[in-house]
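Those sequence lines, one after another, are chains A and B.
The numbering of the first sequence is numbering that gives the first Met the number 0, which starts it at 0 and goes up by one.
The numbering of the second sequence is numbering that gives the first Met the number 0, which starts it at 0 and goes up by one.
Honestly, I wouldn't trust all of these hints.
For identical chains, the list gives no copy identity; a pair is met inside one copy or between any two copies.
[Unchecked claim] The calculated DSBU-like cross-link candidates involving lysine-lysine, where the alpha carbons are at most 30 Å apart (straight line), are:
(1) Lys217 - Lys338
(2) Lys334 - Lys493
(3) Lys400 - Lys462
(4) Lys217 - Lys334
(5) Lys2 - Lys376
(6) Lys130 - Lys217
(7) Lys215 - Lys334
(8) Lys215 - Lys465
Hint data in this document are derived by calculation from the structure and do not stem from the laboratory.
These are the residues of each chain, in order.
Number of protein chains: 2
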Amino acid sequence: MNKKALAILMRARMRPNNSINPALSPLAKEMNQVNQNSPDSQSTGHAIRCDSEEPSEMRTNDAGNCEREFELVRTSMHSAISMSKTEDLDSILHNFSEGYSNLSIENRRKLLLVLAREYDLNRVHVRELIKQYLGLELPGVDKAQGSFSEEGLFSSFYRIERNLRHTLRPLYEVLFDRLNTHPGGLRFLSILRSDILSFLTEENISSLRALDSYLKEKLSTWLSPAALELHQITWDDPASLLEKIVAYEAVHPISNLLDLKRRLGVGRRCFGYLHPAIPGEPLIFIEVALLKNIAQTIQEVLWDSPPIPENEATCALFYSISSTQPGLSGINLGKFLIKRVITLVIREMPHISTFATLSPIPGFMQWLLSKLASQTKLAESDMSQSLAEGSSSTFWENILKPEEEKALMSISKDITSGKNGMEVMFNLLTSTYHKWTKSPELLSVLEPLLMRLCARYLLQEKKRGKALDSVANFHLQNGAMIERINWMADRSDKGLSQSGGIMVNYVYSLEHIDEFAYSYLSTGDIHASSDLRCTVEP
Amino acid sequence: MNKKALAILMRARMRPNNSINPALSPLAKEMNQVNQNSPDSQSTGHAIRCDSEEPSEMRTNDAGNCEREFELVRTSMHSAISMSKTEDLDSILHNFSEGYSNLSIENRRKLLLVLAREYDLNRVHVRELIKQYLGLELPGVDKAQGSFSEEGLFSSFYRIERNLRHTLRPLYEVLFDRLNTHPGGLRFLSILRSDILSFLTEENISSLRALDSYLKEKLSTWLSPAALELHQITWDDPASLLEKIVAYEAVHPISNLLDLKRRLGVGRRCFGYLHPAIPGEPLIFIEVALLKNIAQTIQEVLWDSPPIPENEATCALFYSISSTQPGLSGINLGKFLIKRVITLVIREMPHISTFATLSPIPGFMQWLLSKLASQTKLAESDMSQSLAEGSSSTFWENILKPEEEKALMSISKDITSGKNGMEVMFNLLTSTYHKWTKSPELLSVLEPLLMRLCARYLLQEKKRGKALDSVANFHLQNGAMIERINWMADRSDKGLSQSGGIMVNYVYSLEHIDEFAYSYLSTGDIHASSDLRCTVEP
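Between the sequences and the hints, there should be enough to build the whole structure, so can you do that?
Listed below in C-alpha cells is the structure:
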C-alpha cells in the first residue's frame, strides 16, 4: 500500500454515522457480536431469527418456528441446570448460549421469566429446615473464658445453618456457576444480565428483579479486582482488542485509525482491566493525557501532536472512562482501576503529581430545565391563587438572584419572550441550534449564571443522599473531589445540550481517596475546592 | 563463569537432604516463605517468634511478648472486619497478615478460634428474620399459565429470603472477602486454611470445622477455572517461578538445575495453572513426557536425553502432578488442568493420540500390610477359640490362593518364619532394606501375588464408595480409566515402601473423560482395561 492510500485508510471513519448508542441498546449490539463470533450459527437449526422487524407476511410462517426454537432453548436450559456435573455439560452449555443468542427479544424475555420463576428456591425445603432450626436450643454463651466448653452443642447449629444457606440458593445459581466455568460463559452471563436489565426498565417484575440481584452478586464475586489484570493498551495490541476500544469509547468517540493511534501514542496512555475469562476485551478502560496543567477544555486534550514532552508533564488527566459491558452495570470496577492506574503512573513517571479528570456533567441541563419549567408553572399557579391565602407554595424558589433576573429581562427582549427571568432563561436555553451561544451579550449574562447554578447542581443537588449527577456520583464514590468547573469546555452539540458546554475537573489525591470515598458514602459529604464552595455558599 | 563451573552449578543439589516434606508440615513451610517474602519483618515490632523450641530460660521473658503480640494481631483482625469499606483497609490488612505470619503456632490456633467463634453469624437476627418469613403466606402456585398474576405477593419472599441469605453469612466472611481483594490476600487465605486444616487434624473442633468449610467454599469460587490461566512453563520463565517447581515437585524430586532444565526441554512439557492474584506461582502443575508408548517404569520417563524425536511421539505421559498450596486441599483443580492440557497438546501435536499417566500407588503397601496383620491376628484368635462354636469370624479371609500359600511356605523357610502364608508374607515385606527384592526366587513367587493383590486394591477396595487409594481417586474422579499395572516400575526406597515398586498407568481418553467421571462419582464404577479386570475377577 502506498503512503497516500495508507493515509486515507487511517483517516477513514470507523463508526457508521447512524451507529446505535451502545448504552441505549445493549441487546442489539451484543446479539450482533455473538453472531459475529459464531459465523456458522447461520447453518444450525437455531439460525432463524424471530425479530418482529421481519416483513409481516413472513411472521405467520415463523410463529411456529419461534415457538419451537423457544422450546429447544428451554430444554437445553433445563439440561444445563439439572444434568449431573460430569456429563457432557460443555456442549449443553454451548447449545444453550448459542440458542439463547439467536432467540427473538420476546422469547429471551419469556425464557428469563421461566428461569426466574421455575428455577427458584425450594420454599418447602426452606420451611422444613427452619423448623429444625427453631427446635435447637441456643447454648448459653458466656463471654468469659471457658464459654465454649459446650462446643459440641454448636455443631448442630453449624450444620443446619450451612444447609439453610445452601437451600436458600435459587436453583438458577447452578446455571450461573456452570456458565462461569464454561469458556465464554462469563461473557454470556454479562449479556444475560444486560437483557434482564433492559426488560426491567420496561416492566418491574419482582421475580426478574430477584434474578438480577442474584446474578449481580455472583458477577461481583467473579469480577473481584483480584481476578482482574491491569493492561496498558498500546498500538502493539491486537486489532481485535483495539477494535473494542473504538466500539466502546463512550465519552469522546474515536473518529478514525489515526485518532486511535494518537490516543495510544506519545503523551497519552490507555489502561484497561482484563479478565482471563473474557480475553481480548477490557471490561473497562481509561484514557489518560499527560499535560502541564489540569486541562480546562476538551480541545486541550484532544490534540493531534503532544503539546509538551512527556517528561515535562505534571498532570495525568483522565479524559475518558468507558465500560464495555452493560451487563456489569452497578458493579464498580472504576474505583480499583483508577487507584491502580495512579499507582502505576507515579511509579513510572514520578514527575507527575496531579491526577485529575475533565468530565462531562450529563445531567446538568436536564435538571436546570426541569427546575425552570416547574418553577415557572408553580409561579403561575401561585399567582392565579389568591395571594390573600398568605402562603405561597413552599416548593417555589426563584433560583435567580435579583440582579440576574434583571439582566435577563433587559437583554432578552429582542430574542425571546417570557413573563419572568426563569421563563426567559428556559426559552433561551431551549432555542434551536443553541442560538444563545452565538450572542456575546447573552453569553456575558448567562456565563456567571450557568456557572453558579452548575456549581450548585454538582455540590448540592442530591438524590437519596448521593450526587444527582451520575458522573459526579461515580467519581465521588471513588474518592475524588470537585476541583473546578470550566466554561465552554465542550462546544460540541452534545456538550451544549447536556451541560451548556460546561465541564468539570475532579481531582484524585492518592492520600485522600479512601477518606473522601468513606465520608461521601457514609454521610454524603461532597469534597470540593474552596473556590467552588464559595460560589454556592452565601 | 567457565564451562566447568557452570556444569558444577547445574549439577548442585537444589534441596537440602533433610528438607521438610511439604505435605506433612505446610505450616512451617508457609511460615518460612512468608518470612522470606518480607525480609524487613525482622525489624518490626512483630518480629519476636514465640515458638516453644526456644531455650526455656527465654520463655518466661517472652510469655508477655507473646501475649502482647497476640493482642496486637487480634486488634488488627477486628479492625479488618469491622472497619468501613473505604477506610485505610490496605494497611490494616497488611498489618494483620504480617502479624499473623509472625505469630507462634499456638497463638495462630488461638486467633483462629477467636475468629471462628466471635465473628460467627448473628443468631438472634437469624431468628427474627425466620419469624417474619414464617409469617408470610405462600401464594398458591399453579403451574398453568397466569399462575404468576400474584407476582407481587412473591416480592416479600424475595426480600426476606435475600436478607436471610445475608444474615446467614458469618461475620468472618468480611475478612475473607477483603483479603481476597487485597494484594497477596488470596495467597494469605490459602496459608490460613492450611493452618486450619493442620489444627483440625490435631483436634476436631466444630467451630473451626465450620470456619474451614466456609473458607473452602469461598476459595473454590475465587479459584474457578475461569479465573485461572494455563501457562506452559519453560526454561525461559523467571527463576522465581522455576524455583517453585523445584520446591513443590511432590512426585519425582528435582535434583539439580540440569534435571530441571531437562524437564522443561525437548521431549517434555510442563504446564501450570496460574491465578492473577498469586503471580509467579502455579497453583498446580503437571509434567509431561512425549513417548512412543505408555511407559512401564519410571526410568523410561526420567531419561537424560530424549529417546525419540518429538514428532515420532504418540503418547503424552503425565508423570507428575503437584499442587503447591496445601491450603487449597479438597479444591480439585487437577481435572480442569488435565482436560485443558490434553486439548492443547492435541492441537499442537496431532500425532499424539494417547494420554496416560505413570502414577504411584501410595496406599497399596499400607493397605496390604494392615490386611495381612489383621488377618493373621484374626486367624490366631479364631484358632484359640473352640472350633466347636461353629462360626469363624466373618471378617476373616485368606487373601492368598492355596497355591500361593504353598509356594510362600516352601520358599521362605531359610529367610523368615511364619505360621501361615500371610504371616510369612508380612514378615518378608517388612524386612529391612527390602531384602525380598534381592532374591530372584522370592521375586518369582511374590510378583504374581503382589500384582494380583495390587489390581484388587485399585479396582475393588473402597472407602465411602470411592477408591481407597488417594491417587486413584484423584484420577478416577477426573475421568481416567485404569489401564495397566507395572512390576518393578519404581525401585526407589519410597517406591518399594509405598507399593512394592509397582506403578500404574491411568489413561485419559478425551471422549470418555466426562462419562467416566460421571459414572465414578455417581455409582463408584471404576473403569479398567479388560486385562486388568481379568486379574481380579474369577
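Status of each hint after checking the structure:
For a Cα distance limit of 30 Å, the shortest separation of Lys217 from Lys338 qualifies both inside one copy, at 24 Å, and across copies, at 25 Å. When the C-alpha separation of Lys334 and Lys493 is checked against a cutoff of 30 Å, the pair qualifies only within one copy, where the shortest distance is 26 Å, while the shortest distance between copies is 53 Å. Taking the shortest alpha-carbon separations for Lys400 and Lys462, only the intra-copy value of 25 Å comes in at or below 30 Å, while the best inter-copy value is 85 Å. Both within a single protomer and between protomers do Lys217 and Lys334 lie at most 30 Å apart by alpha-carbon distance, with minima of 19 Å and 23 Å respectively.
For the homomeric pair Lys2 and Lys376, neither the shortest alpha-carbon distance inside one copy (62 Å) nor that between copies (93 Å) is at most 30 Å. Proximity of Lys130 and Lys217 under a CA criterion of 30 Å is satisfied in both settings, with 29 Å inside one chain copy and 27 Å between copies. Taking CA atoms no more than 30 Å apart as the test, Lys215 paired with Lys334 passes in both settings, with 17 Å inside one copy and 28 Å between copies. Only within a single protomer do Lys215 and Lys465 lie at most 30 Å apart by alpha-carbon distance; the minimum there is 21 Å, versus 37 Å between protomers.
When held up to the earlier numbered hints, the structure conflicts with hint 5 and nothing else.
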